[in-house]
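Visitor: In order, the protein sequence lines correspond to chains E and C.
Residue 352 in my numbering sits at position 336 of the first sequence, and the numbers go up by one each step.
Residue 41 in my numbering sits at position 35 of the second sequence, and the numbers go up by one each step.
Possibly wrong hints are sitting among the right ones.
Unchecked claim - On the chain E side, residues computed to face chain C include the following (Cβ under 7 Å):
hint, residue
1, LEU143
2, ALA144
3, SER147
4, ILE170
5, LEU197
These are calculated hints, taken from the structure and not from any lab test.
Don't be surprised by glycine CBs; every beta carbon is placed ideally from N, CA and C.
Read off the chains here:
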Amino acid sequence: MWADALVIGIKLAVGIAVLMTMVPIMVWVERRGSALIQDRLGPNRVGPMGLLQPVVDAVKLITKENLVPVGVNRFLYLLAPTVALLVAVSTFIAIPFGKGDGLSLFGYLVKGLIVAPDLNIGILYVLAIASLGVYSTVLAGWASNNKYSLLGGIRASAQTISYELAMTISVVGVLMTSSSLRLDDVVAHQEGAWLWVIPRWNVFPQLIGAITFMVAAFAETNRLPFDLPEAEAELVAGYHTEYSSMKFAAFFMSEYVHMTVSAALVTVLFFGGWELPYVGVIGSGWTAAMCSLAVFAFKVALILWFFVWVRWTLPRFRFDQLMAIGWKAMVPLSVLNFILVGVLIASGMI
Amino acid sequence: MVTYVFLVAAGLAVVFSLVAIVHRSPIVNVLSLVLVFFALAAIFAIAGMDFLAAIQLIVYSGAILVLFLFVIMLLNIGWAERLGSGRPLQAFLGLVAATGLGAAVILAATRVVPDLGTVLPGAEKGTVFPIGRALLGSHLFAFEFISVLLVAAIVGAVYLARRDD
């Protein structure tokens with residue numbers, strides 16, 4: 017009982033610490049990465065290679081004036097950034113980031129330290145909580161009493177609803193192959209290789225599903241090329257125009273946390289989770305847990321770099337193009353993937 | 007323990023559904039409805055129906071109520087008009103009908119669910135499988151028929167929304 021409570025406490029603390037540490041790291045990667053892509057230097061004054069720049073940024077944001085504009089709906093205005101951060105952080109709990117079988121600590125069998133404990137709805141929990149993220153942008157847009165904010169909020173809700181559909185349908189294909197909603201079962205199903213060459217990752221038979229899921233993830237996290245809710249050329253800053261200091265930072269952090277969670281989901285669903293191709297799991301017990309954690313972190317890091325790479329390569333879409341892509345390309349493609357997976361399963365190929 | 011969690015969730019559901027009806031700001035109405043659905047999801051979860059809890063959040067809080075909020079913001083409805091007492095007879099009839107319906111629901115609930123204690127703690131674990139088997143097994147016809155109905159509704163909506171070219 018108490019050991020279980022302790023495990024849950026440790027997992028929450030570590031999870032939040034990891035997510036909150038990912039934010040400054042990703043900010044640094046993004047700024048240096050954009051500089052690399054655009055052939056500039058990027059921030060290089062503070063610390064070696066500008067590594068301390070995020071610390072300085074955080075101090076700047078904390079010490080800025082905490083402004084609440086006149087004419088806002090005060091309660092909802094303050095609620096919106098809270099919801100943004102809460103939703104972003106709580107989706108991470110259900111994601112298994114390593115092999116956690118048979119771990120014991122001082123002779124006590126620890127369950128659920130790395131894999132979420134006995135959550136038989138797994139992916140549905142993540143989707144359910146993530147679908148609530150739209151409230152933060154919508155509320156921020158409405159409560160700010162600013163037309164640019166409102167336009168940003170309305171865009172955000174339309175965009176999220178449209179792409180959620182494609183995202184969910186592309187997840188269904190993965191769930192069909194592993195015939196389980198539990199994310200650790202999804203990872204376990206991707207062990208081994210076909211003909212000793214191709215890893216049994218879902219991305220190979222379900223390339224279309226992987227692509228639609230990634231595109232939908234870009235849209236759900238409001239990242240370029242789909243950052244229409246905060247298009248600075250037309251909407252000042254969109255739904256967070258009226259937010260300053262740490263309230264703005266909450267939105268900023270939640271974007272990067274969402275990105276990390278999306279990258280972790282892509283890894284688990286399509287790239288074999290913590291499985292090292294051709295090797296499988298190294299050792300057992302704590303060795304296996306730590307090695308699988310390292311493999312998982314490496315894969316997530318690669319996908320996060322992909323997010324940054326795309327952001328600084330592609331221009332922003334127009335809003336009607338965004339809607340057209342969502343409804344006329346992504347939804348039909350994800351349905352196509354769904355049918356293909358069904359055919360492959362029926363013919364016994366996967 | 008489970009009973010207390012249930013009582014808190016049920017109490018929150020009742021309080022916020024009252025707020026959803028009574029408050030004059032449509033935005034607050036929708037937001038309190040979100041909290042009602044949260045409380046209902048919590049009740050499903052402590053009854054062991056994790057799948058229903060997740061679906062409740064995905065479908066209602068994540069999709070339908072966002073659409074509500076979207077429409078309210080597009081129409082920019084500030085404050086709802088307080089309905090006057092222009093039609094006292096209708097108001098009285100409505101009250102009688104609502105009371106009767108409430109009484110019928112409570113009666114039915116007490117008959118069908120005689121004891122909360124026997125039903126609440128983990129009625130059936132892992133409810134994804136039973137629900138899936140029921141939907142694609144014994145209830146396959148109804149399931150497919152509903153999807154035909156939904157397709158008809160979508161076609162109707164597209165027909166109504168089309169431009170006159």
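Visitor: Each hint needs a verdict: does it hold in this structure or not?
Guide: Evaluated hints:
| no. | hint | in the structure |
| --- | --- | --- |
| 1 | LEU143 | holds (6 Å) |
| 2 | ALA144 | holds (4 Å) |
| 3 | SER147 | holds (3 Å) |
| 4 | ILE170 | holds (6 Å) |
| 5 | LEU197 | holds (6 Å) |
Violated hints are absent here; each numbered hint is respected by the structure.
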